[in-house]
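2 protein chains.
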Amino acid sequence: MRSLEGLSINLATVRQQWNLGEAVKACARHGISAIDPWRDQVAAYGLANSAKVIKDHGMRVTGYCRGGMFPASDAAGRAAAIDDNKRAVDEAVALGASCVVLVVGGLPQYSRPGSAPTKDLAGAQEHVADSIAKLLEYSRAAHIPLAIEPLHPMYAADRACVNSMRHALDLCDRIDPARSGMLGIVVDLYHVWWDFELYRQIERCGRERLLAFHVCDWLVPTTDLLNDRGMMGDGVIDILRVRSAVEDLGYSGYVEVELFSDRWWARPMDEVLTTCIERIMTVV
Amino acid sequence: MRSLEGLSINLATVRQQWNLGEAVKACARHGISAIDPWRDQVAAYGLANSAKVIKDHGMRVTGYCRGGMFPASDAAGRAAAIDDNKRAVDEAVALGASCVVLVVGGLPQYSRPGSAPTKDLAGAQEHVADSIAKLLEYSRAAHIPLAIEPLHPMYAADRACVNSMRHALDLCDRIDPARSGMLGIVVDLYHVWWDFELYRQIERCGRERLLAFHVCDWLVPTTDLLNDRGMMGDGVIDILRVRSAVEDLGYSGYVEVELFSDRWWARPMDEVLTTCIERIMTVV
Chain E
11 MRSLEGLSIN LATVRQQWNL GEAVKACARH GISAIDPWRD QVAAYGLANS AKVIKDHGMR
71 VTGYCRGGMF PASDAAGRAA AIDDNKRAVD EAVALGASCV VLVVGGLPQY SRPGSAPTKD
131 LAGAQEHVAD SIAKLLEYSR AAHIPLAIEP LHPMYAADRA CVNSMRHALD LCDRIDPARS
191 GMLGIVVDLY HVWWDFELYR QIERCGRERL LAFHVCDWLV PTTDLLNDRG MMGDGVIDIL
251 RVRSAVEDLG YSGYVEVELF SDRWWARPMD EVLTTCIERI MTVV
Chain F
11 MRSLEGLSIN LATVRQQWNL GEAVKACARH GISAIDPWRD QVAAYGLANS AKVIKDHGMR
71 VTGYCRGGMF PASDAAGRAA AIDDNKRAVD EAVALGASCV VLVVGGLPQY SRPGSAPTKD
131 LAGAQEHVAD SIAKLLEYSR AAHIPLAIEP LHPMYAADRA CVNSMRHALD LCDRIDPARS
191 GMLGIVVDLY HVWWDFELYR QIERCGRERL LAFHVCDWLV PTTDLLNDRG MMGDGVIDIL
251 RVRSAVEDLG YSGYVEVELF SDRWWARPMD EVLTTCIERI MTVV
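Heads up: the sequence lines are chains E and F, in that order.
Going by the working numbering, the residue at position 40 of the first sequence is 50; the numbering climbs one at a time, nothing skipped.
Going by the working numbering, the residue at position 119 of the second sequence is 129; the numbering climbs one at a time, nothing skipped.
So here's chain E without its partners, still in its complex pose (with noise of 0.2 Å):
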């Protein structure tokens, strides 16, 4: 990219170093116009307050994470699921988020836990397509889309059985086959680079269903599945490539830096942020 004006910062990316307050303010300082914050940041900086260093900032907030963690064994936890997933959709719109991302859950123990242990993935997969299509008449009343986003299958059991482009895009046609533009999905680098079907599901996913564009790297060798993810240009995603098939879409929305890392969650989050914007002007 050739200008700064495209990038979000997933605040994830910063999470350890700072509040949410601290991390918009450290935005801004750089000349950064757009966030995506998660739920525990704004808890803990206070929903209120979120929104108002957000406005008082500028910021565009690209996203809300996240939503999603449906599957639970009985009807009292998949109700609270419903519940909590309303909630996240109130403070989007307290924030003035353009979407809740939805990382879906996986088996409902680790989902929910508390939950009966069961190997019935299928049935997980069941769950989170009923429960994604109750929500949706919630965000819709709200103005709020929700964003899918497939999962490394690696997170297939504990976070997200939903783990291809295909399958989350299955899950639009089937929940909003008119393509209202308020389901559709997050494409993440990090999750979805290595798919044979990479270019064809983004030509599949057309542009109203593109709501937000994840990047990272992935690492070789990556030594632990959560927290070793790479810094754009570190790793060997062609990450050119792919943001030119998301632009032959016609998307102009946000590219949004999302990292989990520990090398970078250790270092200062000025030079994070530097770091990231060199890498956005040079290989993104």
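It is possible that part of the hints are untrue.
Any copy, or any two copies together, can satisfy a pair, since identical chains are not distinguished.
[Unchecked claim] Subject to a maximum C-alpha distance of 25 Å in a straight line, what follows is the list of computed SDA-like cross-link-like pairs (lysine to any residue): (1) 129 <-> 236; (2) 129 <-> 54; (3) 65 <-> 26; (4) 129 <-> 238; (5) 35 <-> 285; (6) 129 <-> 244; (7) 129 <-> 235; (8) 65 <-> 238; (9) 62 <-> 50; (10) 129 <-> 234; (11) 129 <-> 210; (12) 129 <-> 292; (13) 129 <-> 164.
If you're looking for bench data, these hints aren't it; they were derived computationally from the structure.
Fair warning: this is a prediction, and the values are worked out from it, not measured in the lab.
Once you've looked at the hints, dock chain F against the given chain E.
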């Protein structure tokens, strides 16, 4: 499974404990009648010695691990890869193996060290398709089927850029549209269990293309991308359901246990084999 008859031990499972000869003898002692050796194990024990100890103990050889690693950045490297795979086919003939397992390779710099670094995964995938087509001419004449093993997407960069049954079966359709029986796939639960299309693709595969069925388990948490596979029953994979789906196809071949696990490599070989047998009788 109710008996030991269908059990095969992939010798990677005990590769740290003993050499090929001792492993074969231990399997025989435990009433196990089939194995799948790795090329480095055969090389270390000697091809003729390996063939002899296998024959002397009446062992079936349910596969030969492994061919593949095709991508290279130049013509010489690509030719070397094909030659190396032809030797694997020759060795499989000498051992009486039922197929050569193909771990196809990822980006050239990892498949064939010394290759120029690239991020062109689609290019590697194309090269893999061409290479399998070339190798098939040779293996067909040797009457050794080639079994493409889709690997978990977390190995896309460095081990195999074929990461789903859909991709592997697309390759079979393209390279062997006549379904000659000489090209098929390995279904290894560790690699494909997460796929929302798993049962659909097993059905699509059909009996004649299902050349091997490997089992182990996915642990939560998984602490290492390579060597933290679980013993059957210790993880979240619904092994019984998949085995049933595979049998519904008419598959009556071996169920092969393949574990890469620092934990199990640290235990005595007899304990590992006893545990495999117990789990095969109860949870597979």
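25 Å Cα threshold - placement of residue 234 relative to residue 129 = both (24 Å within a copy, 21 Å between copies)
query = Taking 25 Å as the upper bound on the Cα-Cα distance, should residue 129 and residue 54 be classified as within, between, both, or neither?
reply = neither (34 Å within a copy, 40 Å between copies)
request  = Go through the copies and call it for residue 65 and residue 238: within, between, both or neither, with a Cα cutoff of 25 Å.
outcome  = neither (32 Å within a copy, 47 Å between copies)
request  = State whether the alpha carbon distance between residue 129 and residue 292 is at most 25 Å within one copy, between copies, both, or neither.
outcome  = between (44 Å within a copy, 16 Å between copies)
request  = State whether the alpha carbon distance between residue 129 and residue 236 is at most 25 Å within one copy, between copies, both, or neither.
outcome  = Result: close both inside a copy and across copies, 22 Å intra and 22 Å inter.
ask   = 25 Å Cα cut-off: does residue 129 pair with residue 238 within a copy, between copies, both or neither?
value = between (27 Å within a copy, 19 Å between copies)
key: Homomeric proximity label, residue 129 with residue 164: Cα distance no greater than 25 Å   = Both, since 15 Å and 21 Å are each at most 25 Å.
query = Is it within, between, both or neither when you check residue 35 against residue 285 at 25 Å Cα-Cα?
reply = within (17 Å within a copy, 57 Å between copies)
ask   = Is it within, between, both, or neither for residue 62 and residue 50, if the alpha carbons may be no more than 25 Å apart?
value = within (17 Å within a copy, 63 Å between copies)
query = Under a CA distance limit of 25 Å, which applies to residue 65 and residue 26: within one copy, between copies, both, or neither?
reply = within (23 Å within a copy, 60 Å between copies)
request  = Check residue 129 against residue 235 for me: Cα-Cα at most 25 Å, and say if that holds within a copy, between copies, both or neither.
outcome  = So residue 129 and residue 235 pass the 25 Å test inside a copy (21 Å) and across (21 Å) alike.
task = Have a look at residue 129 and residue 244 and pick one of within, between, both or neither, based on CA distance no larger than 25 Å.
result = Answer is between; shortest inter-copy Cα gap is 11 Å, intra-copy 36 Å.
Checked against the numbered hints given earlier, this structure breaks hints 2 and 8; the rest are met.
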